[in-house]
Every structure is written in C-alpha cells, then in structure tokens.
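Going down the list, the sequences are from chains A and B. Per the working numbering, the first sequence starts with residue 1, numbered consecutively. Per the working numbering, the second sequence starts with residue 74, numbered consecutively.
Mixed in with the good hints there might be a few duds.
As the list claims (entries may be wrong) - Only pairs whose alpha carbons sit at most 20 Å apart, straight line, appear in this in silico PhoX-like list of lysine-lysine:
1. B/243 / B/393
2. B/226 / B/169
3. B/281 / B/76
4. A/23 / A/6
5. A/37 / B/281
6. B/221 / A/43
7. B/243 / B/169
8. A/37 / B/370
9. A/6 / A/51
As the list claims (entries may be wrong) - Partial chain A-side listing against chain B, Cβ under 10 Å, derived:
10. 9
11. 33
12. 35
13. 46
Stated by the list, open to error - A short, non-exhaustive set of chain B residues, derived as facing chain A with CB atoms under 10 Å:
14. 130
15. 179
16. 286
17. 288
18. 367
Hint data in this document are derived by calculation from the structure and do not stem from the laboratory. Think of the CB as a built atom: it goes at the ideal place given N, C-alpha and C, for glycine as much as any other residue.
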Amino acid sequence: MEYTLKAHMPGLVARVVVEIGEKVEEGQELAVINCMKTEMSCKTDKAGVVKEILVAEWDEMDVGTPMIVLETA
Amino acid sequence: MIKVLNGGIEVLVEDWPGRLGYMGLGMAAAGAMDNLALQLGNLIVGNGAGEAGLEIAGGYCDFEITEDGVIAVTGSDMSPTLGGEGLPLWQAVSVKTGDTLHFSHFGDAGFRSYLCIAGGIDVPEYLGSKSTCLFGSYGGFEGRKLAKDDVVKTVRKNLAGIAGRKLNPKYLPEYGNEWELRAIPGPNSVPDYVTEEGMDYLFGTPMKISHNANRAAYRLQEVPASFWAREDGGKGGSHPSNIVDHGYNMRGAVNVTGNTPSLLIADGPTLGGFVCVANVINADLWKIGQGIPARDKVKLKLVTVEDAIQARKERAEMLKAEDLILC
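All chains, full assembly: derive it from the sequences and hints.
As structure tokens, then:
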C-alpha cells in the first residue's frame, strides 16, 4: 500500500525533513511549507517507510501537489 | 461562546474598520482583510456591520459551539459543516450547545471565510477596536491567532427572528482568480519616479500573488527594469525604488521594493523608504483579502479620486439597502 503526502497549502517547499528509507510514525512531520511568510508543518496521516520524495527545496506547489510517497503496511 | 478544537492555518478576531487613528505612531489599522464579507455576515445575523467576527484564512479548522446562538459564514466557501451537515453560506443558522463546526479548506476562489455570531465577539476593545494586529501582538484574542482549546466569549443577544435571514443573492460579491483592483496613482509615480511605460505595465498587466502574502502585505510578481524613471534612489538609496523615508498611504498602497511590488494592507508598515506608486481604492480592499497566495492574480485598473469617492459612497449605500437581507 502507498500513501502520498500532499501539500495542504500553496507555497514553497521550505524543507523536507525525512530521507528515503526512513521509518515514520503517524502524525510525524515530513516536510515544511513556506506560505504567508509562515512555515507550516506537513504531517503524515499514516505510518510507513519513505519510498519517494517528489519535491525539492524552493519548489512552488499548489494545494494537492504530491510531495512524499510512503510505503505503508 | 465558541471553543476552538483546531485552529487551522490562521483564525483571528477582526472587526471593521479596525484601529484607526494611530498610524502616525506606527500602528497599522489591522481589521478584516475582506471587510465586505465581514460586514455582510454581521448584517445577516443582526449585528452592526463593523462588529468583530472570526477571520478564517486557508481553513482546516474546527470549533465547538458551547452556547446556543445564531451564526453566519460568509466569504470563501471552505465547505463548512455543522454537525456533519453542509452549512449554507451567507445565511443565518441556529446553532446548539455541543454542535461542531468544521471548515475544510479554501476552494476554487477566495481565501478567507468569516464566522459571524449574533451579538458579536466579546473581547476587550484596545484603542477603539477588537481587531487583532498579528504582527504587533495586540488586540483581538490575546493579540494572537486562535489555537486549540481557546474559548472565545460571545455577546448575548435576543436571537428571535434572526435564524433564516440571508443575503439577497443580487448582492453576493463576485469571486474569481483574477481580481480587478481599482487604484489611483500614488504619491511616487509618473513622471518623477515611474516611466509612462512603467505605469502602463502597472495598470495593464495581471500580476501573480506571491506565496509571500499575509496580513501585512501581498507581494506580487516583479516589474520590469523599464518601470523606473530614475537611475537610482538619490539620497534615499542606490535603487530607484528607494526614497527618503516617509509615511505610506495605507491601506491599499502599491509599494515597490527593488522591482517587487507589494500591496500594503491590514497589518502593513506605516512608513518606510520605498515608493508608493498607486493605491487600491477603499471599496476594493476586500478583494485583496480573498486573493489566494501563490495562485491568484491581481490586475490594477486606473481610476480617479472622484471614482474612488463614488465607489465608497455606493458601497455604504449598498450596506444600507432595504433589500440587502432577505428575512
């Protein structure tokens, strides 16, 4: 099963705080969006292992832009 | 009373016209980013038009009603639900103790919703206003945005006959993704500071709103180098956007820093050393608050001061129209 973390706000990718292969828990911060001159945390709804990182720092995103793919149980 | 279960992106107590009279001391007026939606929401629930409501930017928030009352949600459609059922916008709806109110997120058009409560929000007035100045950390609810477990008091009011009132559809504000903002030339424009070509660009080019857009300023896409009439800023600095510091024309100034224009709005700076090339008219300020950062565009339309005064009069008349609210 896969889970894709999507951007909940338009803005820039401030940073991705996980690496491919990293095990993450439900509710853990995976990335940070910069919008409205504020940093907004992007947390995962599911636990899993980071399979793919689809964005890089300073990428511009809209709401719903896929950011990180997890392999879930 | 209303309890915050989830504060989402940014929920603030804001009224209208905000905290006027202190710009000379460096205090921005704050106030609702979309004053039209707030005023209409207040009128729907029988409040004075400028009463404080909750300004919800972006969405992703939840509330619990802790006292029976009547509410109206206006502005951007964030698919609000009351007890899991869809909640109509621009309409007064009864709420009961224990009801939960959920806002999803902004949709295709508009960025801010307003939650107006019959009776109004009971926070202390600070220097004549209940508005939160986010960047000054004063006013509103403890000078900050609302967070989980905050309980916001509301003013008790006779609720008879309020539920069911709604905005006459002919007065519904028009939302889109390209916002036409009527504007007058600012104090630093053609010919001394900006070229004719630059003014044509300013008033003829849709400009995308940056992700750097908040209650202080909405940054826009850059203007071309041909915008400038001067080689440098003289005594003000090395760039032609520099001037010797002066007071800014607020709210609605089109302020240019380097080649980047910004719309200075609710919590914006009251003075500085950059040119103000135009000013959005009062009647159109509300549109800025509904512009979606990193997505929408604004387009300035040149008007005269007389046009601006007339538009302001028409807005005031509209808010007093006998057929504004359908009972």
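Task: Hint numbers contradicted by this structure - done: Violated hints: 3, 7, 13; rest satisfied.
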